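Between the sequences and the hints, there should be enough to build the whole structure, so can you do that?
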Amino acid sequence: MIKSIKASKSEKILFTFLISLAIFAFTSFFLLKNKCLFVEKNNLSKLKFNKPNNIAVMNVECGNVIIELYPDISPKAVERFKILIEQKMYDGSTFYKVSENTFIQAGDIEYGNINNLDYSKIGSGVSGLGLLKSELSNDFIFVEGSVGFARTTDFDTEDSEFFITLKEIPIYQGEYTPIGKVIYGLDILKTIKKGNKAIYVLRPDYINTFRMFKFN
Amino acid sequence: MKILILFILIFHISHVNAGEIYNLIKIPNLEIYKLKNDNNIRYLSAKGNFKIGVNKNVTCDKVNINNLNSKFPLIEKNLNLYNSNFLNKIKLKYIVFCENLFISEINTGGIPDNKNRTLILDINFNQKYFERMIHHEIFHMIQNSYRKVFDENEFSSFNEDSFNYAECSTCSDRLNLDLYENTDGFLTEYSKSIPSEDMAEIFSFLMVNQNIINEKIKNDKILSNKVNFIKYSLAKIDKNIL
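Sequence order for the protein chains is A and B. Residues 1 to 216 (this note's numbering) make up the first sequence, in order. Residues 1001 to 1242 (this note's numbering) make up the second sequence, in order.
To be clear, the hints were calculated from the coordinates, so they are not data collected in a lab. Quantities reported herein were computed from a predicted structural model and do not represent experimental measurements. Any given hint could turn out to be false.
[Claimed, not checked] Restricting the straight-line Cα-Cα distance to at most 30 Å, the calculated cross-link-like pairs of lysine-lysine (DSS-like) are:
1) B:K1026 <-> A:K193
2) A:K133 <-> A:K167
3) B:K1115 <-> A:K194
4) A:K46 <-> A:K167
5) A:K121 <-> B:K1128
6) B:K1056 <-> A:K197
7) A:K82 <-> A:K214
8) B:K1128 <-> B:K1071
9) A:K167 <-> B:K1115
10) A:K48 <-> A:K82
11) A:K133 <-> B:K1089
12) A:K82 <-> A:K41
13) A:K190 <-> B:K1026
14) B:K1026 <-> B:K1047
15) A:K167 <-> B:K1034
Quick look at the structure:
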């Protein structure tokens, strides 16, 4: 007959500790590693928009980012942005330039696509649609979620690259062409992968699809 | 090769504060000092030391904020002499304040950069010449934007035939900024270095103390021609500056 042995108090504590450690390790590895876990996905069928013609939907790893475009402020820039979206040229475009809690940048069609990422030339690619004249507004304030066309150090060099601000940046007022503003999905953008101390990101996150909103 | 370029790119950028201001004017470690001004100029200050330029040959140290606060009213007063339309034309929007500014290990008061619409100023520059230095550097921005208007050959032709400028502004020992008693065609020793410095010296005196110039040109035909050239050329850009 086997005699049952009662665990001592210290053995119980050790056992409980090991179980807790295993649970912690499991959750850390499978749950907390998922950066999208606590981010709202933005179900399009449940959202209503005042100007549905000017709504663009950017799908990234963690869900949909909804952007309202401002053709009244920058008509040419928004027209170009819509063409790039409708021709699906932003699909696969990487967020190769990320300044933590400040801005994220994507849209290099030529060298910044996830399927053709060229770090030696990134940021200098063109869309093939030509350069745009800057449409600057001294009244437009770049707040959290503002979307603007990127350019070189010279004005009138906008093409396809765009940035989204993650905080208010007053110094950008009158410096960059505004395109629109993120109205849903800022939390999603904050999960976009950052560089390790650098502004350029290795193995960056990218845009799955970028489409104009379809409404009935 | 691409991996090497990527490594270099990341290594270099990882050591700078690559925030929103860096993204705009390519100078790291800056913060806003004063943003809203009547002539739309924006003042930035170095919150940390920085190195920029080819081979990082431009270096400057962070500002002591009390030092800057004490000198800012004088700087602002001088920059308020320029209207926003004129500043747009000469591509000047950002003034960067720092201390101990060096270019290729040569101490300097200011460095103009038309491409980034920026003028870097060393707030510790000799106070005796500080106001003039501001306008002197601004003239370089004017000339950079209007090379044909401020033609150096035409300007040089006012000198006596026997006079020759140096090859470059720092490759001569003509560096003194004090006003000559007897001008003889040149306001300062530094005016004799190269034509653009000569023009910049005249412009700086015109902005700070026109009376001195008016007095000097009475008996100096060469200087008088040069001053008229600067005034006439400047009027082509903006009639209200002088």
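For a C-alpha distance cap of 30 Å, please report whether K133 (chain A) and K1089 (chain B) respect it. The hint holds at about 18 Å.
Measure nothing beyond the straight line between the CA atoms of K133 (chain A) and K167 (chain A); if it is 30 Å or shorter, mark the hint as holding. holds, 26 Å
Is the straight-line distance between the alpha-carbon of K1056 (chain B) and that of K197 (chain A) 30 Å or less? holds, 20 Å
For the pair supplied as a hint, K1115 (chain B) and K194 (chain A), confirm whether the alpha-carbon distance does not exceed 30 Å. holds, 29 Å
Checking one constraint from the list: CA of K1026 (chain B) to CA of K1047 (chain B), max 30 Å. Satisfied? Roughly 15 Å between the alpha carbons, so the hint for K1026 (chain B) and K1047 (chain B) holds.
Next pair to validate is K167 (chain A) with K1115 (chain B); report whether the Cα-Cα distance is within 30 Å. holds, 27 Å
CA of K82 (chain A) to CA of K214 (chain A), is that 30 Å or under? holds, 13 Å
Decide if the proposed pair is consistent with the structure: K1128 (chain B) and K1071 (chain B), CA atoms, cutoff 30 Å inclusive. It holds: about 13 Å lies between the C-alpha atoms, which stays within 30 Å.
Hinted pair, alpha-carbon criterion (30 Å max): K46 (chain A), K167 (chain A). Please report holds or violated. The given pair, whose Cα atoms are some 27 Å apart, holds under the 30 Å limit.
CA of K190 (chain A) to CA of K1026 (chain B), is that 30 Å or under? Roughly 24 Å between the alpha carbons, so the hint for K190 (chain A) and K1026 (chain B) holds.
Straight-line alpha-carbon gap K167 (chain A) to K1034 (chain B), limit 30 Å: Given pair K167 (chain A), K1034 (chain B) holds - Cα atoms ~19 Å apart, limit 30 Å.
Given the hint that K82 (chain A) pairs with K41 (chain A), does the C-alpha gap stay at or below 30 Å? Judged against 30 Å, a Cα distance of about 23 Å means the pair holds.
Consistency with the previously given hints fails for number 5 only.
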